[in-house]
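Peer 1: Given chain A, work out where chain B should sit, using these hints.
Next come the chains, spelled out residue by residue.
Protein chains: 2
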Amino acid sequence: MILVVTPNPAVDVTYRVAEQRIGATQRVLEVQRRPGGKGLNVGRVLAATGVPTHAVLPLGGDGGYWIAHALDDLGLAHTDVAVRGETRTTVTVVDDLAHPTMFGEPGPVLSPDEWDRVSAAVETLLDGDATGAPPAAALVVSGSLPRDTDPAVVARWITAARRRGALSVADCSGTALLAAASAGATVCKPNREELLEATGADDERSGALRLLRLGATVVVVSRGSDGIAAHTAEHVLEVPAVPGVSGNPTGAGDAATAGLVSVLVDVLVGAGLPAPDGSVPAPDDTTLLRVLRSAAAHGAAAVLQPVAGAVDPADVHRFLSTPPAPAHDRTRTPA
Amino acid sequence: MILVVTPNPAVDVTYRVAEQRIGATQRVLEVQRRPGGKGLNVGRVLAATGVPTHAVLPLGGDGGYWIAHALDDLGLAHTDVAVRGETRTTVTVVDDLAHPTMFGEPGPVLSPDEWDRVSAAVETLLDGDATGAPPAAALVVSGSLPRDTDPAVVARWITAARRRGALSVADCSGTALLAAASAGATVCKPNREELLEATGADDERSGALRLLRLGATVVVVSRGSDGIAAHTAEHVLEVPAVPGVSGNPTGAGDAATAGLVSVLVDVLVGAGLPAPDGSVPAPDDTTLLRVLRSAAAHGAAAVLQPVAGAVDPADVHRFLSTPPAPAHDRTRTPA
Chain A
1 MILVVTPNPA VDVTYRVAEQ RIGATQRVLE VQRRPGGKGL NVGRVLAATG VPTHAVLPLG
61 GDGGYWIAHA LDDLGLAHTD VAVRGETRTT VTVVDDLAHP TMFGEPGPVL SPDEWDRVSA
121 AVETLLDGDA TGAPPAAALV VSGSLPRDTD PAVVARWITA ARRRGALSVA DCSGTALLAA
181 ASAGATVCKP NREELLEATG ADDERSGALR LLRLGATVVV VSRGSDGIAA HTAEHVLEVP
241 AVPGVSGNPT GAGDAATAGL VSVLVDVLVG AGLPAPDGSV PAPDDTTLLR VLRSAAAHGA
301 AAVLQPVAGA VDPADVHRFL STPPAPAHDR TRTPA
Chain B
1001 MILVVTPNPA VDVTYRVAEQ RIGATQRVLE VQRRPGGKGL NVGRVLAATG VPTHAVLPLG
1061 GDGGYWIAHA LDDLGLAHTD VAVRGETRTT VTVVDDLAHP TMFGEPGPVL SPDEWDRVSA
1121 AVETLLDGDA TGAPPAAALV VSGSLPRDTD PAVVARWITA ARRRGALSVA DCSGTALLAA
1181 ASAGATVCKP NREELLEATG ADDERSGALR LLRLGATVVV VSRGSDGIAA HTAEHVLEVP
1241 AVPGVSGNPT GAGDAATAGL VSVLVDVLVG AGLPAPDGSV PAPDDTTLLR VLRSAAAHGA
1301 AAVLQPVAGA VDPADVHRFL STPPAPAHDR TRTPA
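Read top to bottom, the protein sequences are chains A and B.
Counting in this note's numbering, the first sequence runs from 1 upward without gaps.
Counting in this note's numbering, the second sequence runs from 1001 upward without gaps.
Looking at chain A on its own, in the form it has when it is part of the complex (with noise of 0.2 Å):
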């Protein structure tokens, strides 16, 4: 089982405009409501392609309440912890002429005792539970944390799934991915704007090297239509974006972290993970080659849905069989 943690879920509000127009009254043709934030995306798609999957988010208020029942409607296991604010939303509009417009609420300020509540089930929930459910194989952490939040929290998460031999990908940005990486997090995926403002480096090699010095084992930099990238020490291998697809690239990000998650599960829960002594092997180059090609199908599957955490499983396949661009490896000596 994958556990997802979404620290700052919303309800995400698509608004469909004949034309938006600012200082005008709109009729909203077209309205979409949809559980959303980073994590929830990750969650969807990989249940969407089969893998188990459990959500852990804090919900407060008549918006934590609607996702609360949208996921169960959605068949989406998850546990919510119950917080005094309320869940934020956003709100899209859309239409056929302009690039679309996106109203972001801030969200909620979570106490310290409701960040120890989230933290005690994600700890719950990698032991796996007295009702037979299964240890978690990995933990993803991923999107923005609410206002105020101490990034010590994801420091936390990552740790506890380091001692537990589980895997983590974290997808956060600023001090959330320094401290994911501090923690030793298997996996820091962000995209490239989000690493070079993270680290304050002015290359994308430099700030992956940063996260690897702070202790992640790999650094995945997703470029959108320039493809992705995968950072050690030694290497980068690179994997263009699956050519020839256009459509809606919202969440397509989280597409490919699902791809890359389920992946890495994949192999080295099947080379026995965890090692006798609890640690998580470093993923050799040719795993991290098959991590970049699902994560890229993943996401080229997601441009081709209407909406943000979905894809048709089909198209994964699809995308997946055709015969991969060679990949590059552009060896460099560390910094």
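Distance windows between CB atoms, simulated:
| # | chain 1 | residue 1 | chain 2 | residue 2 | range |
| --- | --- | --- | --- | --- | --- |
| 1 | A | D96 | B | P1134 | 47 to 57 Å |
| 2 | A | R16 | B | D1226 | 29 to 39 Å |
| 3 | A | A82 | B | A1314 | 39 to 49 Å |
Calculated from the structure, these hints are not laboratory results.
Note that the Cβ used here is the ideal one computed from N, Cα and C, for glycine as well.
Peer 2: Chain B in isolation, oriented as in the chain A frame:
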């Protein structure tokens, strides 16, 4: 007691952003959620000025649930008719640079059975009830109808009020406004644009005469900063807007409706409404001038408030105490 029907209530959400920009991701700096729809604005202003008020409204889904609780918190008495559809949300985006942008969801479609239950609630509350609640002295119908609604529902409510000797005020648009006039509403109160649009007339006086000929007793037209006018078959009485007031015009027309109906009830109930034959007497010109001044004072007080559906009673009192500018009496020959 004044009974206020809101046929299409809404969760009114206001997002403050630094600068409205199409195609951008914008952080919402401040979120406000309020129960909305014009009738609820009228009801809240009446309640804020100490007038016994009861709201009737169809509510469905999470938005409806939220509104019911918010009205409880506000202390506004309400009778909810549960409907299958989802009560709509409106999102208004504001900054300090441009006009607000409003996104209005279409709202639910109600079945004929659901409308019958709304009408039954209106009739019960007009009658007073077994718990000792008095019959309603006036009925206000305010705001848009949901999609695909037969405007005959508005006529049914107005007729129910008239048969019981209760005043009726309709602040509607389109065919609902025509239906209210035909059913013999005491006051039809559109703004100028709504009047011209509903009647197809080229000027305000012609439009008002059409509603009077259909059956309305008085037509009151709100003109924003150009004041407010009462049309009878013989006269046009005009009162200018309170000078030197600037702020938030949203909901000022609804506050004006509250000011209008509260004075009308005072005068006509003071004069022994309903008449011995059960009819509602037409207000005389002295009453109409008091009504217009009250409407203008309430509208101006609403402009001083940052949100719709609110007035400070001290502001209303201050504006009513200001020596009024001379009212214009534009006597015309009925066309």
